[in-house]
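Build out the structure end to end from the sequences listed, making use of the hints.
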Amino acid sequence: KVVSNEVTTSPVSEIIAVGTKVESTSIPSEGAPSLVEVKPELEVTTEAVAYDTLHQEDPDLLKGEIRLIQTGVVGERTILTEVTTVDGKEVRQVKSNTVTLAPVTEIIAVGTKVESTSIPSEGAPSLVEEKPELEVTRESVPYETIRKEDPTLSDDQVRLVQAGVDGERTILTEVTTPNGKESRKLVSNEITRAPVPEIILVGTKKEPLPVPQPKIETQTIPYKIIYQADDSQEVGSRKTKTHGVNGQVETTTRYTRDQTSGQIIESSTSKTLVEKVDEVVLVGTKPSVETKVIANSTIYEADPTLPYQTEKVAVSGKEGSEKMTTTYQVDAQTGQVTERDHQKEVTAPIDKVVKVGNVETIVISIPIKEERRQDSRLDKDLEKVESQGDSGETTTTRVYEVNSQTGELLSHTETSAVTKAMKPKVILVGTKENKPHLLPVNTELENAIDVRPASQGMKAVDLLSNPYVTNALRPNILGRDVISKKIELKKTNPTITDEEVKEVLRKEYLERLSIKDALEETKKTLDTDLKKVVAHSLSVLGNTAETRSKVRADLEANKEKILLGLTYINRFYNIDFGKTNIRDILAYNPSSFGKKVTSLEWLTSLGSMSYDEMKLVNSPRTFEKYFGKVTDKSTLLDFLDYNRTTFTSMDGDTWLKDATKAIVVEKKSKEKTDENVSLYTKLTSDPAKYGAEPQQIDNRKQYNLATLLGLVNIKEPSIYAITNMATVSYGNIGTYMDSSLAQSNPTQYKAELEKVKAMVELTAERQAAYIDTLYRITKKDNQSKLVTNRLIVDTMKKYTSKQNAGIKEIWSKEFGPEADKGVKDFMSPLGMYSPPQSVGAEANGAGVRYFIDRVLDDRGSATYSHEMTHLLDRTVLFNNYGRRDGTGAEFYARGIFENSYTPETDSYFNLNFVYDESDKESFYNKTPERFKSATDLKEYMHGSFDVLYTLDYLEAEASRGLSASDKTVYFKQLLPSATSGSRTPVSYPNPSVKPTHQSEEIKALTEADASKLGDVHSLIDNHIVVNRYIIKGFTATGKVDANGYYTVDMFDTIYGVNENDKGMSGDISFRKQAFELISGLGYYEGFVPYVSNQYKQDAENENRPLSDQYIFEKILAGKTYAQFKKEQMDERIAKISKLKSITIDYKGKQEEIFSPERMKQLMEEAVKEELAQIKAGNISQKQYRFIETPVQKLKKAIYKAYLKESNEFRNSIYTS
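75 is the number of the first residue of the sequence shown in this note's numbering; add one for each residue after it.
These aren't lab readings, by the way, just hints derived from the structure by calculation.
Just so it is clear, the structure is predicted and the values come from calculations on it, not from any experiment.
No false leads were mixed into what you were given.
Okay, derived cross-link-like pairs now, PhoX-like style, lysine-lysine, Cα gap no bigger than 20 angstroms in a straight line:
#1 Lys1270 to Lys1234
#2 Lys763 to Lys854
#3 Lys635 to Lys590
#4 Lys859 to Lys746
#5 Lys1188 to Lys1136
#6 Lys1234 to Lys1267
#7 Lys1000 to Lys1278
#8 Lys564 to Lys576
#9 Lys279 to Lys222
#10 Lys1221 to Lys1234
#11 Lys1270 to Lys1221
#12 Lys597 to Lys533
#13 Lys576 to Lys559
#14 Lys731 to Lys653
#15 Lys1068 to Lys1136
#16 Lys744 to Lys1006
#17 Lys669 to Lys699
#18 Lys1267 to Lys1223
#19 Lys1212 to Lys1274
Structure representation (structure tokens):
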């Protein structure tokens, strides 16, 4: 309850006197009134204002009691009086009379409460009552401002007469709390202290202004600059003709007062002190003459009359010119020179015409063939040359297309014709029998001795346990074999001794000789064969009792040797020459070669050979030691050729394929057509022709002849051989079909064998296509390095119908009954066998071995490209500059030169050098023939990046508006890191050139880094890669160790670049940038310098390591790689509006893209869908299965459409 609310103390106004007195300093003119003015004074007086007393009843006080609530305070009144004294008389005028401090009312509470003395009866309510409380609150009362006019003050003056003081309001409220509930009652609300107003006097008096003193001013009159054209001066030059002079004018200003109005009157007079002179500037306007050279083109034209590759200037050509004369005009006020007129005079260029000899004529000599004609008039073995013959000539004419811009010879058409017939050398060969090769049947001599005892003894000989054989054919067992075999055998026999291990190995070594089966076959016909031995021996020695006794004794004494001799001939000289097999001639009629030797002596001598001499790989040297004395031929090749020419009219190439039952496919080069790739020629030619070093030549010859001998002893199709210009491949037929069908189901066997033959043929085509492609793109000086005999050995896996069989489970034994026939008859005896390894294949210095992969499978041809890369990267592929320091073998194969294994589905950067995909739709060139030269590689990759950079840009733009948080989801970073993984070690005697290589790491993107991303350039600068990029398998982030098996998908965008100033960058950037350099610069201009040691010596000469930065300085004209990539990207961005329209297969329908805007719209939709897919976790790295993303689908569809529309980028994807 508010009892009262009054101002108990009035506010007191603050009064401030502000001086307004102005003293005059001017001296009045004579007779003029005085300017001295008397100013009034303000007198301030105060009076007390009595306060009131207020009595208020208070029911809480006992009647008769009083209580002072508020003490009274006397107020104050302020009186302002203006006092003026004029002529000694005082005049007073009250200006204001105001209560400046309000009195505060005195408040006294008067009790009205009467107390009861009665005692309340039982149950009566209590007389105790709640007493109210009086709540006093005070509030400020703002003062007001009073402005009063004062005619005594000048109109520019104000004076504070009284300062304002806020007053105070007092509010009394009665507060009671009956039954716990608060009740409030306003008692009073009064201003207890009145506010004191602020009083301000505002002057209204107009003061007369003093008359100013005369004023003299000097004004500078600036001169003008006048510009005049001067045709004698060059544009941009100026010359001052007249120097400018500023003028000066003196102005005197005098003041007087108008006596009537009192206004000040101003009058001025001027005089010129210095005359102004304008400056004249001559501005050069000499007409300019700009002459631009119009380059003339060099046009190359085919000229079949010129020698091949000869260039002749038909029209010298002349540069044209464009002469532009420009006249100028000058603005006279500003001096600005502007062009007035242009006159153009054009002299057209005359193109230089260069004729290029485009007809290559290759004359290949047709070697004289021997034509052996039987002549019954001549004795047998007597030969007579009837005609020496004359070599012929085959002329191959290649007519090349000429690149009109570069003069490079492109694809060609080819015709061949025999321009000179070969005349054979005619040799008459006597057929009149004098020394028959085959021993005539002589029953008397054959039965002259009972051979059964010797035969029985020989049949009892066991290759592995016979004491004589054990000693005679004791191998030199290698220590490493003892160690490994002991480890193997200890698993079942922990106490086995070294001697026991060696005995096991001795038998295995004997098995490797591959004569065990032949020995058993020899035993089967011993009764008959020994009779032939006896018959020949007695025919030479004479059939006497003495000779018969000697022959009988020698048979018994040398039974093991004779058996081994017969076995060796049966195994390795069971050779067909047309219809004649020389096995029986060698064994039973050795004297037919002109030497007097008995079969018994010959076989005994032959059977005396050692273990090493018995090995097939040593057969050429064994021939020289044992056979030479009998056959009168110094080498195995001489002997074979002698028999070939004696018994057939076939050349060596034809004879080998006739004599062997191996499947042989030979694929000539379509580029180097004069190169003979026949297997016989490759095995019998000088190894130096195929790149063998001098120290290797003898061993290579021996091995090749041993291989030839092994091939002509293949009596069933257990082996295949493929040849081309660069390689010879051998493999087992039993790897690809069930060879047991030959006995169990001959019809099915033949059908399956035909399938294998088709596989051999297709693989041969692919291998040859690959080698021819390398031949076309390598430098001419390196083409000869592709003429080699590199050995490709297929896997030793046996055929199985079991799915997912492990390699160890189906790997053929090296020998024995479980071994594949091709393995034990050919691979093992020639040292081509090896234990299994869990790798696809492996390249060594001379060739390649396959393990998990198979040569004849589709995958095997891609593996061929992988392993051949290891063999050729230092020379053919890298122009002899070698691998770049810091790399390893796998930097170049997987992800660069290795052909895609599945071109229809793979989409990583790749060039198809192997497959004919003409009937399929893939992301690569359909055939290797797309690349006729290294120039075609640049053309193809440039077109490829026309599409890829465009799509990458559109993806960057579509993601540009994403929030920083979303960008951390959509992107990752591919950052340099400390080197890890393996690199080929290199020593550096000079420590200052030792590089510091880097690896890479893919990391999640932080929001701080994401906030830096804007346009596509910022993605390049900040090492950005899209989220969908997979390192390998399903690993999406983490370390990228050096020398790994990585690929870079064309559609999983890597925006960032890496440039190491001290060495190499990581594997992924290395691969991506290698392909970008083919696109931007070319194969030999950018790719080879980057991936090889081309600039190593230059760097070291400058005392610098070979680094990315050093190489880029060389090939990018001083630009950084980031600058180069931005330029490449910008080149495509500028052409987006010129993209040709395409139709794509997308989302199950045909989508026509007529404009870049539509492509942009599709990309924006795909990016949005992909972001949602990533957030949902529906991505490959999360689900551990390949999931194609929306952006991948779109990019693949667009890329495939442009690949097709541009004819594999032979044509531009842009409108002209």
